[in-house]
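Undergrad: On the provided structure of chain C, position chain X as indicated by the hints.
Chains as they are written, first to last, in the numbering used here: chain C, 529 to 833; chain X, 529 to 833.
Treat the hints as calculated values from the structure; they're not laboratory data.
Everything numeric in this text was worked out from a predicted model, so none of it was measured.
Heads up, a few of these hints could be off.
Since the list gives no way to pick out one identical chain from another, each pair is judged satisfied if it fits inside one copy or across any two copies.
[Unchecked claim] In silico SDA-like cross-links for lysine to any residue, where the CA-CA straight-line distance does not exceed 20 Å:
1. LYS551 with GLY604
2. LYS816 with ARG827
3. LYS731 with LEU752
4. LYS731 with ASN618
5. LYS684 with GLY662
6. LYS731 with ILE713
7. LYS645 with ASP626
8. LYS731 with THR710
9. LYS830 with THR781
10. LYS591 with TRP641
11. LYS782 with ILE833
12. LYS688 with GLU599
13. LYS610 with GLN634
14. LYS645 with THR710
15. LYS816 with LYS830
16. LYS643 with MET529
17. LYS816 with GLU631
18. LYS731 with PRO617
19. LYS780 with VAL823
20. LYS731 with SER701
21. LYS682 with ASP653
2 protein chains.
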Amino acid sequence: MSVVIVGSVAFDSIETPDRQVEKALGGSAVYASLAASYQSSVRLVGVVGEDFTQEYIDIIDRKNIDITGLEIVDGGKTFFWKGRYGSDPNERETLVTDLNVFENFQPVLPEEWKKSKWVFLANIDPGLQLDLLGQCENDPFVGCDTMNFWIEGKPKVLAKVLERVNVLFINDSEARQLSGETGLIMAAREILKMGPEIVVVKKGEHGAFLLTEDFLFITPAYPLENFLDPTGAGDTFAGGFFGCLAAAGDVKTKNLRRAMIYGTVLASFACENFSVENIRDLSLDTIKERFNRMVDFIRVDKEEI
Amino acid sequence: MSVVIVGSVAFDSIETPDRQVEKALGGSAVYASLAASYQSSVRLVGVVGEDFTQEYIDIIDRKNIDITGLEIVDGGKTFFWKGRYGSDPNERETLVTDLNVFENFQPVLPEEWKKSKWVFLANIDPGLQLDLLGQCENDPFVGCDTMNFWIEGKPKVLAKVLERVNVLFINDSEARQLSGETGLIMAAREILKMGPEIVVVKKGEHGAFLLTEDFLFITPAYPLENFLDPTGAGDTFAGGFFGCLAAAGDVKTKNLRRAMIYGTVLASFACENFSVENIRDLSLDTIKERFNRMVDFIRVDKEEI
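Just chain C, same shape as in the assembly:
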């Protein structure tokens, strides 16, 4: 089945202690769509300016990604982000954020996409997320991401979004901020009370966990020896997660476990290079091989009692 993915399509300039890249392909919808596309077809909704390059369109316009929902604004400029990472990749400094055409983004689902059963709303204004929820006609399974900026700035609208989504992806510090709880399991429990039936807390290099009312799954991050750039890792995680679920067609716990590992594995590929370099030319077999190596790193049998 298809996953509708709504988010940013961007130029990213990134500095790490050793290397840097200028105006690389980025944006939450790009990372999530590429990650999901290895298991599911994707319907991408986003906006770019006239300056967006054909080279980058060619990367996302592929067999499993339908870019009918990518608006190109005449005379407009594409969302531009510039950031710098320290030797600790958790220390991220934003140097430039030019919203450009993203500032007036009013995403509209193409008519035949409104009945989609799987929808991922990446980190955008919760007002837009709410509007998109209103455009869906078929009671889809909806995931959303958010960030500190909206938790502080638009808490009421965000609360309405949370009442209506099935899964929230959120990082550790934002989970604490949203819930007011320090312990992450407690924080996730509080967030469940706000609406989502599933909360996925992303902890970067420390992995992630998924909590429902009666189910908990925890995974470490995939161990990387050639870590380069964490930009987009969270969106890649969510895309890999959604691609797995849409392909499976349900959210039974067995598939939630699989989705968490697919998300983890796809995110690990993303972190090994700048931009989408390492997630644009994967094969499902390559992804599954890393999936199975990950299972070897974490598997243990139960004890007899």
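TA: Just chain X now, with coordinates in the frame of chain C:
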């Protein structure tokens, strides 16, 4: 089989944001011995002063723990440590360290313990660790712990210890310090080159991993909702790890996986209360039940390729 455990036996005064405790039973040998004793018999080597209480002796002098090696120094005072934790339990401030009788600790293995096959040398002066290695007569499987104080202060003696031990337990920041590597997998690989055939890197609330030349196992921490005090968690981990291996009788990868989870589970009990309150009256079945819950939190099947 028996595990010889050498380390501190102490009075600990601990402050957390909500609660505090005065002169509670503590010390690395105490935590490790109690944790190991649920699966293996333990031979404890340590030192206390005349002020050590019968109440505390009664806690460690139990069926599976032989305290023949616990020296009581007439007129001496027991090692005393006082510390304070912030709302982030990784922020630990040491308020008082009175080494007392521990300052002149010269551990001697009782004659019949020298042939022991399993030995855990908790975090003590690497000179003493080296001396104890010399007392062992039967090529035992030896684990040791260490800390930043020795990495900085006695690097040459520590290097000699590392050449002779089988497994090093070390926390994340100390692994970085010892190896000069930022990435923890790379750090552990560098430490393997220093001698140990197994390195266990402890990451507190973020879990732990075990690396050998050709094997990697990663586990999250057990998720706790009533976390109170991390004091002794690392020693409890090592004790649970060793108790499992000594009971199994070998270090095959299947048992290394089990040992990592036993360590994780025992450490989780330790963190739920002050001192050894939550690890002194467990049953092996209670431990195994949590072990199996942990497996449920992390298990996932391989994908077919």
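Undergrad: Does each hint hold? Answer for all of them.
TA: Hints versus structure:
| no. | hint | verdict |
| --- | --- | --- |
| 1 | LYS551 with GLY604 | within (16 Å within a copy, 69 Å between copies) |
| 2 | LYS816 with ARG827 | both (16 Å within a copy, 16 Å between copies) |
| 3 | LYS731 with LEU752 | both (15 Å within a copy, 16 Å between copies) |
| 4 | LYS731 with ASN618 | both (10 Å within a copy, 16 Å between copies) |
| 5 | LYS684 with GLY662 | within (17 Å within a copy, 68 Å between copies) |
| 6 | LYS731 with ILE713 | both (12 Å within a copy, 18 Å between copies) |
| 7 | LYS645 with ASP626 | neither (33 Å within a copy, 65 Å between copies) |
| 8 | LYS731 with THR710 | both (14 Å within a copy, 18 Å between copies) |
| 9 | LYS830 with THR781 | both (18 Å within a copy, 15 Å between copies) |
| 10 | LYS591 with TRP641 | within (17 Å within a copy, 69 Å between copies) |
| 11 | LYS782 with ILE833 | between (24 Å within a copy, 18 Å between copies) |
| 12 | LYS688 with GLU599 | neither (27 Å within a copy, 65 Å between copies) |
| 13 | LYS610 with GLN634 | neither (24 Å within a copy, 59 Å between copies) |
| 14 | LYS645 with THR710 | neither (35 Å within a copy, 43 Å between copies) |
| 15 | LYS816 with LYS830 | between (24 Å within a copy, 8 Å between copies) |
| 16 | LYS643 with MET529 | within (11 Å within a copy, 64 Å between copies) |
| 17 | LYS816 with GLU631 | neither (38 Å within a copy, 55 Å between copies) |
| 18 | LYS731 with PRO617 | both (12 Å within a copy, 17 Å between copies) |
| 19 | LYS780 with VAL823 | both (19 Å within a copy, 18 Å between copies) |
| 20 | LYS731 with SER701 | both (9 Å within a copy, 18 Å between copies) |
| 21 | LYS682 with ASP653 | within (8 Å within a copy, 55 Å between copies) |
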